[in-house]
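A.B. asks: Here is what each chain is made of, one letter per residue.
Protein chains: 4
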Amino acid sequence: MADTAKLGGSQHERPITRLVGFSDGVFTIAATILVLEIQRPADAHHLLSGLLALWPSYLAYALTFLLIGQVWANHHAMFDHIRASDWVLLLCNVLLMLMVAFFPFSASVLAEAFRDGAGQRTAVVFYGAAFALGSAFFNLIWHHARRARLLGDTIDERTEKGFTRRFGLSVPLYLAGTLAGAFVPVLGFAIFAAPAIFFWLPLGQRGSHVRATGPAAR
Amino acid sequence: MADTAKLGGSQHERPITRLVGFSDGVFTIAATILVLEIQRPADAHHLLSGLLALWPSYLAYALTFLLIGQVWANHHAMFDHIRASDWVLLLCNVLLMLMVAFFPFSASVLAEAFRDGAGQRTAVVFYGAAFALGSAFFNLIWHHARRARLLGDTIDERTEKGFTRRFGLSVPLYLAGTLAGAFVPVLGFAIFAAPAIFFWLPLGQRGSHVRATGPAAR
Amino acid sequence: MADTAKLGGSQHERPITRLVGFSDGVFTIAATILVLEIQRPADAHHLLSGLLALWPSYLAYALTFLLIGQVWANHHAMFDHIRASDWVLLLCNVLLMLMVAFFPFSASVLAEAFRDGAGQRTAVVFYGAAFALGSAFFNLIWHHARRARLLGDTIDERTEKGFTRRFGLSVPLYLAGTLAGAFVPVLGFAIFAAPAIFFWLPLGQRGSHVRATGPAAR
Amino acid sequence: MADTAKLGGSQHERPITRLVGFSDGVFTIAATILVLEIQRPADAHHLLSGLLALWPSYLAYALTFLLIGQVWANHHAMFDHIRASDWVLLLCNVLLMLMVAFFPFSASVLAEAFRDGAGQRTAVVFYGAAFALGSAFFNLIWHHARRARLLGDTIDERTEKGFTRRFGLSVPLYLAGTLAGAFVPVLGFAIFAAPAIFFWLPLGQRGSHVRATGPAAR
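Chains as they are written, first to last, in our numbering: chain A, 15 to 232; chain B, 15 to 232; chain C, 15 to 232; chain D, 15 to 232.
Hints listed in this document are in silico derivations from the structure and should not be mistaken for laboratory results.
Glycine is no exception: its CB is placed at the ideal position from the N, C-alpha and C atoms.
Please note that the accuracy of each hint is not assured.
Now the in silico label distances, taken between C-beta atoms and shown as ranges [said to hold, decoys possible]: (1) C/Gln-53 - B/Ala-67: 15 to 23 Å; (2) C/Arg-129 - A/Asp-130: 31 to 39 Å; (3) B/Leu-201 - A/Glu-174: 54 to 62 Å; (4) B/Ala-67 - D/Leu-183: 52 to 60 Å; (5) C/Ile-211 - D/Pro-186: 27 to 35 Å; (6) B/Ala-162 - A/Leu-193: 37 to 45 Å; (7) D/Ala-132 - A/Leu-201: 38 to 46 Å; (8) B/Asp-170 - D/Tyr-72: 52 to 60 Å; (9) B/Ala-162 - A/Leu-73: 29 to 37 Å; (10) D/Thr-31 - C/Glu-171: 45 to 53 Å; (11) C/Gln-53 - A/Tyr-72: 23 to 31 Å; (12) C/Ile-211 - B/Arg-160: 54 to 62 Å; (13) C/Ala-208 - D/Tyr-72: 15 to 23 Å; (14) D/Arg-163 - B/Thr-178: 34 to 42 Å.
Sample of chain C residues facing chain D (criterion: CB under 8 Å; computed from the structure) [unchecked claim]: (15) Leu-80; (16) Gly-83; (17) Leu-215.
Chain A extracted, bound-state conformation:
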């Protein structure tokens, strides 16, 4: 980065803007193409029952859409405070995007298994592992940004600690859901849904506060 440092501060923001632009695109497209994985009922003569039988697809669609939206909001909250990037950050972010763009597939596997009533344990583990891996890359970005001093001065000690705590929770939570799902699929499903519920209906002042500062922070 020696050469680029010479180019002055403004140079530093540009790769970030661009990186955030690419990431935003992946988040938005991944969330919107989730619906393409829902297959229309084949039998038009029993359309109502056919549409009702798709409930796992609707559930997987809604859950994954909300989870992607949550990762997107957290990604923005995080990058609002990152002022420069290096190759480790670029690598971790592209690997995170690799997982985000993969979620529509794991969501469809999950839905299909619950529709068929077979392979649910495998499907929940597959779904949870994808999110756990994505969260791992997410946390690697954050920890590297702190270690490598890539954070701007717009973030105070308290918010930084709050982010570390909040982001850090996701990996064990997804792993717990994955493990629980290997035995009781529905329990795994419920554990994956928990963060989305906590995030989108902020329960407790702290959650609300952290979430609120996130998107609104500089």
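Please build the complex by placing chains B, C and D on the supplied structure of chain A, with the hints as guidance.
C.D. replies: Relative to the frame of chain A, chains B, C and D by itself:
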């Protein structure tokens, strides 16, 4: 929002910009992938009749494209006057996006039913319910923004009342179409088409005026 | 527009920016999802022949991609000089977008017909009609913008006349291709390809000049 | 470009901004729809084995995602230094985009062949040829920009030489992979993966330096 308030006014716009960016992406992608739900005629030897038999798909495609375009334009007209967001607004908007991204599926169900000549009532109800639910979330955003004083001073009393009237009309209208469609499918279809026609060919001075201020307002 | 006029000039650009943003999204997504219509050869044991047999898909893909790219470039050249919008312009533009988003389907119908060696005349007519209709909406935008004085002062008489001539050529050309294709499919295909070749390899000084001012004009 | 030159420097940047915007869209969408080519295992009763059997799809997905990400980063590094465009540049860029949007298809062909254990040589050649062709267009853009003096003064001799060397490497490398793959498919696959590994885990100071200046350069 206490902490973020300290950061000054410009901080408030940023989440809105971002939220509008994500929403624009969902609107645009949902409208453009509608076409992926249209299946090519299988029999190439009677292609003409095959393509003509797809008329319900073309109709559902055009109707849904125009309705998504209308929600998009109204969404912009609304967010032109919203200066800050909170978690209720974020939640309602992500739920609205969840419905918008779902429209390509309900459109394909509608088209399929009219092509097969079976399950049309179910399909119209399914299609209408999705739009009614989306409109409900849309109105929740608007009413919360007014109640929670998230509106900027760029909007005058008259425009605000005009928006409330116009946005409020959509829910009962979609519910009427859904109800009518449960008995006379084509009637439901016609009622869903009405707002698009009123919106895109503004009939009457008021309609034209409200629509014109919408997209053009600051 | 009376009220919005009061809001001052800058207000006028905003709907244009937004309208161009939505249009850009549709152009880009439509071009990129074209590939989803190409079906993988089923028989892996004769993959080479299977991939070679897809030549009509590759041709339709490349032709449609270049045509969409051309409409996109012309759309930008046109909107570089449009300073305000009204409901007629919004309507014509949403109908143009409706056609652009439909091109991936007509392209797949065209490719399928040439692969099967059946229904080629129908497919070429279907493909050409979609482009002719799109061009008609395109020209309606331009003519309305001129009639309704929505053009800025950034455009000189000569460029305006050049645009009118160039845009006007497309409708008769697509109609000619459609008509010719109804009798000699390959001829229709060739006539559709002509504008793309003329556009992307500007032949003759004028062509090059008009194309060059287009994208580069203010 | 004579006329546009009169319009002053700022005019020159606009087509670039727009061109980069369109290209960014294609890169992002192509990378995100890669996942749509992965087909869900049909047999839900042996889901685990079904998901494991998809390893070639996961590998092709990850490899293609990283390669697209690399082309995207290099495209940005290149256009950070291009101040104006002409029709040759526009043509080469649209042809590059044509190839980028095609990668999801060649990736699915590659994955399918490795899953079926048949047609692997053909698939690797098909996959490599697409990337080699894309790289050729990429290098044409760069060489034309240098020859036609479309580069800004933001780039120094050393960086320019570094780009020429780095970009130039890709074509022979993809051709080598294509040729090797025609005999030993897995070897071709490995050769395609090499640049991604070199790029995303910059090995050696020079690699790291070139990569770092790329995205961060003005």
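A.B. asks: If a hint holds in the structure, say so; if it does not, say that too.
C.D. replies: Each hint tested on the structure:
no.: 1; hint: C/Gln-53 - B/Ala-67: 15 to 23 Å; in the structure: holds (21 Å)
no.: 2; hint: C/Arg-129 - A/Asp-130: 31 to 39 Å; in the structure: holds (34 Å)
no.: 3; hint: B/Leu-201 - A/Glu-174: 54 to 62 Å; in the structure: holds (59 Å)
no.: 4; hint: B/Ala-67 - D/Leu-183: 52 to 60 Å; in the structure: holds (53 Å)
no.: 5; hint: C/Ile-211 - D/Pro-186: 27 to 35 Å; in the structure: holds (30 Å)
no.: 6; hint: B/Ala-162 - A/Leu-193: 37 to 45 Å; in the structure: holds (41 Å)
no.: 7; hint: D/Ala-132 - A/Leu-201: 38 to 46 Å; in the structure: holds (42 Å)
no.: 8; hint: B/Asp-170 - D/Tyr-72: 52 to 60 Å; in the structure: holds (56 Å)
no.: 9; hint: B/Ala-162 - A/Leu-73: 29 to 37 Å; in the structure: holds (30 Å)
no.: 10; hint: D/Thr-31 - C/Glu-171: 45 to 53 Å; in the structure: violated (27 Å)
no.: 11; hint: C/Gln-53 - A/Tyr-72: 23 to 31 Å; in the structure: holds (28 Å)
no.: 12; hint: C/Ile-211 - B/Arg-160: 54 to 62 Å; in the structure: holds (56 Å)
no.: 13; hint: C/Ala-208 - D/Tyr-72: 15 to 23 Å; in the structure: violated (43 Å)
no.: 14; hint: D/Arg-163 - B/Thr-178: 34 to 42 Å; in the structure: violated (58 Å)
no.: 15; hint: Leu-80; in the structure: holds (7 Å)
no.: 16; hint: Gly-83; in the structure: holds (5 Å)
no.: 17; hint: Leu-215; in the structure: holds (7 Å)
When each numbered hint is compared with the structure, violations occur for hints 10, 13, 14.
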